[in-house]
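Novice: Sequence:
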Amino acid sequence: MCGDNSAFSTLDESFRDNVKFRDNSKVSIMGKGKILIETLGNTIQTISNVLFVLDLKTNMLSIGQLQEKGYEISIKGGVCRIHDAKLGLIAQVTMSANRMFPLCLNHIEQTCFSTKLIDEAWLWHFRLRSSQLFWFENALTEKHGEKSDMVGFTDSDYTGDFDDRKSTSGYVFMFGSGVVSRSSKKQAIIILSTTEAEFVAATTCACQAIWLRKILEELHFKQEGATAIYCDNSSTIKLAKNPVLHGRSKHIDVKFHFLRDLTRDGIIDFIHCKSEDQFADIMTKPLKLSMFQKLRQFIRVCSLNKSY
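Numbering-wise, numbering that gives the first Met the number 0 puts 210 at position 211 of the sequence shown, and it's gapless, one number per residue.
Simulated from the structure, these hints should not be mistaken for laboratory data.
Check before you lean on any hint, since a few could be wrong.
Unchecked claim - When the alpha-carbon atoms are kept at most 27 Å apart in a straight line, the in silico BS3-like pairs for lysine-lysine are as follows:
{"id": "1", "residue 1": "Lys237", "residue 2": "Lys284"}
{"id": "2", "residue 1": "Lys165", "residue 2": "Lys56"}
{"id": "3", "residue 1": "Lys240", "residue 2": "Lys184"}
{"id": "4", "residue 1": "Lys287", "residue 2": "Lys185"}
{"id": "5", "residue 1": "Lys33", "residue 2": "Lys293"}
{"id": "6", "residue 1": "Lys293", "residue 2": "Lys273"}
{"id": "7", "residue 1": "Lys165", "residue 2": "Lys213"}
{"id": "8", "residue 1": "Lys293", "residue 2": "Lys185"}
{"id": "9", "residue 1": "Lys284", "residue 2": "Lys165"}
{"id": "10", "residue 1": "Lys293", "residue 2": "Lys240"}
Unchecked claim - Quick list of the computed label-pair ranges, beta carbon to beta carbon:
{"id": "11", "residue 1": "Lys184", "residue 2": "Lys287", "range": "43 to 53 Å"}
{"id": "12", "residue 1": "Lys213", "residue 2": "Gln296", "range": "22 to 32 Å"}
{"id": "13", "residue 1": "Asn17", "residue 2": "Phe220", "range": "52 to 62 Å"}
{"id": "14", "residue 1": "Asp264", "residue 2": "Leu191", "range": "25 to 35 Å"}
Model, not experiment: these values are computed from the prediction.
From the three backbone atoms N, C-alpha and C, an ideal C-beta is built for every residue, glycine too.
Generate the whole structure from the sequences, applying the supplied hints.
Specialist: Have a look at this one:
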């Protein structure tokens with residue numbers, strides 16, 4: 000049960016029922032739906048058939064429901080652990096002084112295409128009671144992705160803004176089969192060439208890759224090899240891998256040349272891809288409807304307009 004309707008990704012408000020608690024108090028159920036969360040392993044999970052109880056301060060889920068979904072619950076030495084058969088440990092929390100188990104999870108809110116993923120860390124609580132209920136704010140039922148390699152896609156829209164003629168940088172990062180990071184942002188400087196615009200975008204993408212690699216290492220998903228970043232501009236790839244600074248590229252700010260060091264050190268590996276295979280296109284420019292729908296589905300955002 001959940002007391003906040005904004006936490007639901009889908010909610011059927013026509014569903015009505017009542018719930019009776021152990022102290023014989025009753026509350027009205029105002030709907031039923033699904034909630035998305037981000038787990039310890041950076042995978043997006045959903046829990047279905049969540050009941051919406053208005054103004055409920057602490058949410059509940061039965062241990063039996065977790066076990067029916069294939070999860071293993073263990074409480075030992077004041078530590079509660081939730082295990083998945085394939086993903087391993089997905090949640091772990093230590094009991095607090097008031098016999099509560101505070102668990103911080105990232106709540107995922109789906110949006111219409113706005114190039115922004117709303118990640119708000121909520122404090123969820125769950126308590127073991129005689130009725131075998133955990134008090135907490137969310138739970139896990141599905142898993143996405145089996146591979147442990149992260150890949151990125153980078154693109155830019157050269158002078159796409161008609162007002163100030165600045166370009167737009169965009170990137171998308173995948174871990175397994177799920178998108179873990181995406182961005183669309185106008186570049187701070189005016190670009191003189193398409194290659195320079197792509198080079199600036201690639202640098203922004205590389206910075207994000209370094210940060211994500213550090214996070215994955217903390218979560219015990221260390222990336223052993225170089226992170227592959229796909230780019231549809233051959234000149235940008237050659238410029239990033241060429242150790243010689245040619246005269247044509249000297250107008251690019253020096254701070255962007257650390258890409259060469261990342262490539263040389265085996266941290267980043269730029270790979271050429273066709274424009275039609277460039278998933279970051281949706282972050283930088285308008286597209287045909289068919290391509291827009293394809294890429295929108297890939298980065299897992301939904302349309303509020305059902306006609307799309």
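Novice: Failing hints, ascending?
Specialist: Violated hints (numbers, rising): 2, 7, 10, 11, 13; every other hint is consistent with the structure.
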